[in-house]
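Student: Protein chains in written order, with full-length UniProt numbering: chain W, 1 to 190; chain B, 1 to 190.
Watch out, some of these pointers could steer you wrong.
[What the hints assert, rightly or not] Which chain W residues stay away from chain B? Per the calculated CB distances, all over 10 Å, these:
#, residue
1, R5
2, R21
3, G26
4, I101
5, T110
6, E116
7, R132
8, P161
[Claimed, not checked] Okay, the calculated bits of chain B under chain W, using three or more residues with CB under 8 Å as the criterion:
#, segment
9, 76–82
10, 120–126
Bear in mind the hints are in silico, worked out from the structure with no lab data behind them.
The structure presented is a predicted model; accordingly, all values stated were derived computationally and were not measured.
All C-beta atoms, glycine included, are put in the ideal place defined by N, C-alpha and C.
Number of protein chains: 2
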Amino acid sequence: MNTHRHRRFAKSPLPVHLVRRYLEPGPVVLVTSAHGGATNIMTLGWHTVMEFTPSLVGCMISAGNHSFDLIRRSGGCVINLPPASLIDAVVGIGNTSGAAIDKFRTFGLTPTSSTEIEAPAIAECFASIECRISDDRLVDSHNFFVFEVVAAHVATLRRRPATLHYTGDGVFMISGRRIDKSALFDPRML
Amino acid sequence: MNTHRHRRFAKSPLPVHLVRRYLEPGPVVLVTSAHGGATNIMTLGWHTVMEFTPSLVGCMISAGNHSFDLIRRSGGCVINLPPASLIDAVVGIGNTSGAAIDKFRTFGLTPTSSTEIEAPAIAECFASIECRISDDRLVDSHNFFVFEVVAAHVATLRRRPATLHYTGDGVFMISGRRIDKSALFDPRML
Numbered sequence: 001m002n003t004h005r006h007r008r009f010a011k012s013p014l015p016v017h018l019v020r021r022y023l024e025p026g027p028v029v030l031v032t033s034a035h036g037g038a039t040n041i042m043t044l045g046w047h048t049v050m051e052f053t054p055s056l057v058g059c060m061i062s063a064g065n066h067s068f069d070l071i072r073r074s075g076g077c078v079i080n081l082p083p084a085s086l087i088d089a090v091v092g093i094g095n096t097s098g099a100a101i102d103k104f105r106t107f108g109l110t111p112t113s114s115t116e117i118e119a120p121a122i123a124e125c126f127a128s129i130e131c132r133i134s135d136d137r138l139v140d141s142h143n144f145f146v147f148e149v150v151a152a153h154v155a156t157l158r159r160r161p162a163t164l165h166y167t168g169d170g171v172f173m174i175s176g177r178r179i180d181k182s183a184l185f186d187p188r189m190l
Numbered sequence: 001m002n003t004h005r006h007r008r009f010a011k012s013p014l015p016v017h018l019v020r021r022y023l024e025p026g027p028v029v030l031v032t033s034a035h036g037g038a039t040n041i042m043t044l045g046w047h048t049v050m051e052f053t054p055s056l057v058g059c060m061i062s063a064g065n066h067s068f069d070l071i072r073r074s075g076g077c078v079i080n081l082p083p084a085s086l087i088d089a090v091v092g093i094g095n096t097s098g099a100a101i102d103k104f105r106t107f108g109l110t111p112t113s114s115t116e117i118e119a120p121a122i123a124e125c126f127a128s129i130e131c132r133i134s135d136d137r138l139v140d141s142h143n144f145f146v147f148e149v150v151a152a153h154v155a156t157l158r159r160r161p162a163t164l165h166y167t168g169d170g171v172f173m174i175s176g177r178r179i180d181k182s183a184l185f186d187p188r189m190l
């Protein structure tokens, strides 16, 4: 379906308390999972940073998704940051089920080994955040997982790629310019 | 401190299941709270949509904030969407404590009555999302509130204002252009 070859990113380790730089702006992410030989990718927009140390991230992953079982059984996943150029793959991944197709193959994405987690990362994403389930008290009632980030790898780039932000109704917002207001901050808040 | 007069927005009701259009892209929001005659505003970037119906939103509100007690005691808050033009107020609100100053007065913002919640909305914000605590099981351990959206009001505008997205380190991303990919979606996913 998708034979376009996308850029692959080489990545270096990032201290886990710094993942907020990537997640807090609210991008759509691709969550990879694996268990018992099966792998999958899902598109996710419902996530939030929850703590710096330990580095915690909360994700709402519907029980109707094929990924839900892979994550719950394996105890982990990888949160991957797609550049905006992957928008068609992001939509396609969100509109298909891993129970029916191999999403890596279908969307031309390359799995790469993670360091702490069974699930692979995605070479065509510029950040990979490896997560283990930390608290599952809201999973049965709300499909809400609290993950601890146990490793993170990001591409070292002069300019960070634009990201995708979903607004519903099939419409995305593409991240815009950056503005540095650090001079206005109380240094203890930085 | 801030005598600049910002634009005030007239707002109309929005069905509560549609608040994802405003929150899912990940903007910085201003959370208003009130209890026993005291009111406050805090800047928040750690939130996520959790469900459409009931309309649920999760927020990580540190127990160190003056707002935490007001929200816990009153049982609610209002999530307000500031346009990017309010960036200096957003930073100032995030770097001061409502225990020491009246943030509405200090930052030149206008409280307006909410329909379902004790806390006021902010006239200079273009969307106001009224919330009641729905699940507090993760509050003691993670300062994480699950809120149910009980009312929402948004400005009817030809063009939605740009929003602020925080990346840490005093740097914000300003929302960019929108791109409609609805033609690629399975209609059941819209």
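Student: Hint by hint, which ones does this structure get wrong, listed from lowest number up?
Tutor: Of the numbered hints, 2, 3, 9, 10 do not hold.
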